[in-house]
Amino acid sequence: MMLVIDVTKGMQTQSAECLVIGQIACQKMVVVLNKIDLLPEAKRQSAIEKMTKKMQKTLENTKFCGCPIVAVAAKPGGPEAPESENPLGVSELIEVLKSQAYLPSRDPSGHFLMAVDHCFSIKGQGTVMTGTILSGSVSLGDNVEIPALKVTKKVKSMQMFHTPVTYAMQGDRVGICVTQFDPKLLERGLICTPESLHTIHAAIISLKKIQYFRGALQTKAKFHITVGHETVMGRVMFFSPAPADFNEEIQENVFDFDKDYLYQEEYLSKDSKPSEENKENGQSEVQLPKQQWALLEFEKPVTCPKLCLVIGSKLDTDIHANTCRLAFHGVLLQGMEDKNYAETFLPKLKVYKQKHKEGQVERVMDDYSVIGRSLFKKETNIQIFVGLKVKLSTGEEGIIDGGFGQSGKFKIRIPGGLKPETKMLLSAASKKKSKAGKGDANKEDESSKNDSAQPVTITLLFKRYVFDTQKKMIQS
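Numbering-wise (my numbering), the sequence shown opens with residue 2 and increments by one.
Hints listed in this document are in silico derivations from the structure and should not be mistaken for laboratory results.
For clarity, every value in this text was computed on a predicted model and none was experimentally measured.
For glycine and all other residues, C-beta sits at the position ideal for the given N, C-alpha and C.
Fair warning: there could be bad hints in the mix.
[To be verified] In silico lysine-lysine, DSS-like type, Cα no more than 27 Å apart, as pairs:
(1) K274 - K356
(2) K185 - K351
(3) K464 - K221
(4) K58 - K209
(5) K29 - K307
(6) K151 - K315
(7) K51 - K64
(8) K354 - K340
(9) K36 - K10
(10) K315 - K10
(11) K209 - K315
(12) K315 - K223
(13) K271 - K223
(14) K185 - K209
(15) K424 - K410
[What the hints assert, rightly or not] Ranges between beta-carbon positions, derived for each pair:
(16) D317 - L389: 41 to 49 Å
(17) K271 - K155: 18 to 26 Å
(18) E61 - Q476: 49 to 57 Å
(19) D118 - Q15: 18 to 26 Å
(20) S158 - K44: 53 to 61 Å
(21) A75 - K274: 48 to 56 Å
(22) E86 - M3: 15 to 23 Å
(23) L462 - I320: 42 to 50 Å
(24) K424 - F258: 43 to 51 Å
(25) E81 - E338: 46 to 54 Å
(26) P195 - T63: 37 to 45 Å
Let the hints inform the model, and build the full structure from the sequences given.
What follows is the structure, given as structure tokens:
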């Protein structure tokens, strides 16, 4: 990667974003300080040295720490300058690029996939698509598909650097000629082995937040999603492993549909607020899982390979604002081809919300049952909660047995029986209430306040799967 910096301006917002993308997608980088001809000749060398030190400082906490920095003037005097003006520093840049270049390993096996960057017609020949082969190989006579158009064509001829060839493989830059295809239909995009790429409406990705993005990543927020060679708007839903699995090692680039996952209102980071569950367990800091995922739902379908890079951005942010627009990056693990994925696919995704309700014990019925209140609204159908386990603040475990009256009260059965101290506590509370009942309304209100200082609370915990059409309540 070459990061080109205007030596008179230094790092700009877009330069910083290019650096972020480089950290995600590249292994090596050369920084080019351009336009050195705009510096006064007497101060040029000192200005270059000052900017070089600034860039070294900027890069010291990145993977590109210590990378080469070369000062050049690619076109001294600007575009209007005469051709006789020689570039400054370009020969040094070429030598640096040579020293940094390496031969990547190439694999001709697997499906053919090519990124097309130009498409044009040649009279009497056909339509030529030029680009770089990303994977696999292609030969004369092979069928190739343009998946965005659902069109398949046969390879009539191929050229590499104006030389006819019969075969090309991963890493090659090639022009492929096909017949009876209108070049206006494809400016840029992908071509591939027929039926090897799929058009998807939604996807599950593993992801990481980009540290320079300010603010939280909220579930239900919309982002610009760059996936494959397309950028579309998409809505996100973040989720993590179940709390018991937070520290479990996750298999890379694989998603396990058999596991349960915890719904998150936002991507969990060190700046996130601790959940109610963490507070109850005495944890003041948020627990961070080793891996997090997101469900992406695209506003229009995209065509891309599996395990491709995904970047989420807020490209509608003011470009002149001094802020990073890139929010997260990840890997596409599972695409959803069915347009009706919400009905056909999402019920397989076991993401749940942890539900927490609290009420109070109103009075004792007998040694094995109590009446509760304030857990449900008056209009709630208590019947659907029958059989769920609850816990009293005094330690007893109970089971909701049914409704009691018409005001949202309910009966709880205590299989192990009430503790003697619990009965005493509740009996004392009942006596206070009955005494208050004999007095005026003000005394009753005062009694209620005193009583509510230490009531016996009832806690109901259950989980509900986000995509369960029956909205069942599950308890472990």
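How the hints compare with the structure:
no.: 1; hint: K274 - K356; result: holds, 18 Å
no.: 2; hint: K185 - K351; result: violated, 44 Å
no.: 3; hint: K464 - K221; result: holds, 20 Å
no.: 4; hint: K58 - K209; result: holds, 25 Å
no.: 5; hint: K29 - K307; result: holds, 25 Å
no.: 6; hint: K151 - K315; result: violated, 31 Å
no.: 7; hint: K51 - K64; result: holds, 22 Å
no.: 8; hint: K354 - K340; result: holds, 25 Å
no.: 9; hint: K36 - K10; result: holds, 10 Å
no.: 10; hint: K315 - K10; result: holds, 24 Å
no.: 11; hint: K209 - K315; result: holds, 15 Å
no.: 12; hint: K315 - K223; result: holds, 8 Å
no.: 13; hint: K271 - K223; result: holds, 22 Å
no.: 14; hint: K185 - K209; result: violated, 38 Å
no.: 15; hint: K424 - K410; result: holds, 19 Å
no.: 16; hint: D317 - L389: 41 to 49 Å; result: holds, 45 Å
no.: 17; hint: K271 - K155: 18 to 26 Å; result: violated, 55 Å
no.: 18; hint: E61 - Q476: 49 to 57 Å; result: holds, 52 Å
no.: 19; hint: D118 - Q15: 18 to 26 Å; result: holds, 21 Å
no.: 20; hint: S158 - K44: 53 to 61 Å; result: holds, 56 Å
no.: 21; hint: A75 - K274: 48 to 56 Å; result: holds, 50 Å
no.: 22; hint: E86 - M3: 15 to 23 Å; result: holds, 22 Å
no.: 23; hint: L462 - I320: 42 to 50 Å; result: holds, 47 Å
no.: 24; hint: K424 - F258: 43 to 51 Å; result: holds, 48 Å
no.: 25; hint: E81 - E338: 46 to 54 Å; result: holds, 53 Å
no.: 26; hint: P195 - T63: 37 to 45 Å; result: holds, 41 Å
Going through the hint list in order, the structure does not satisfy hints 2, 6, 14 and 17.
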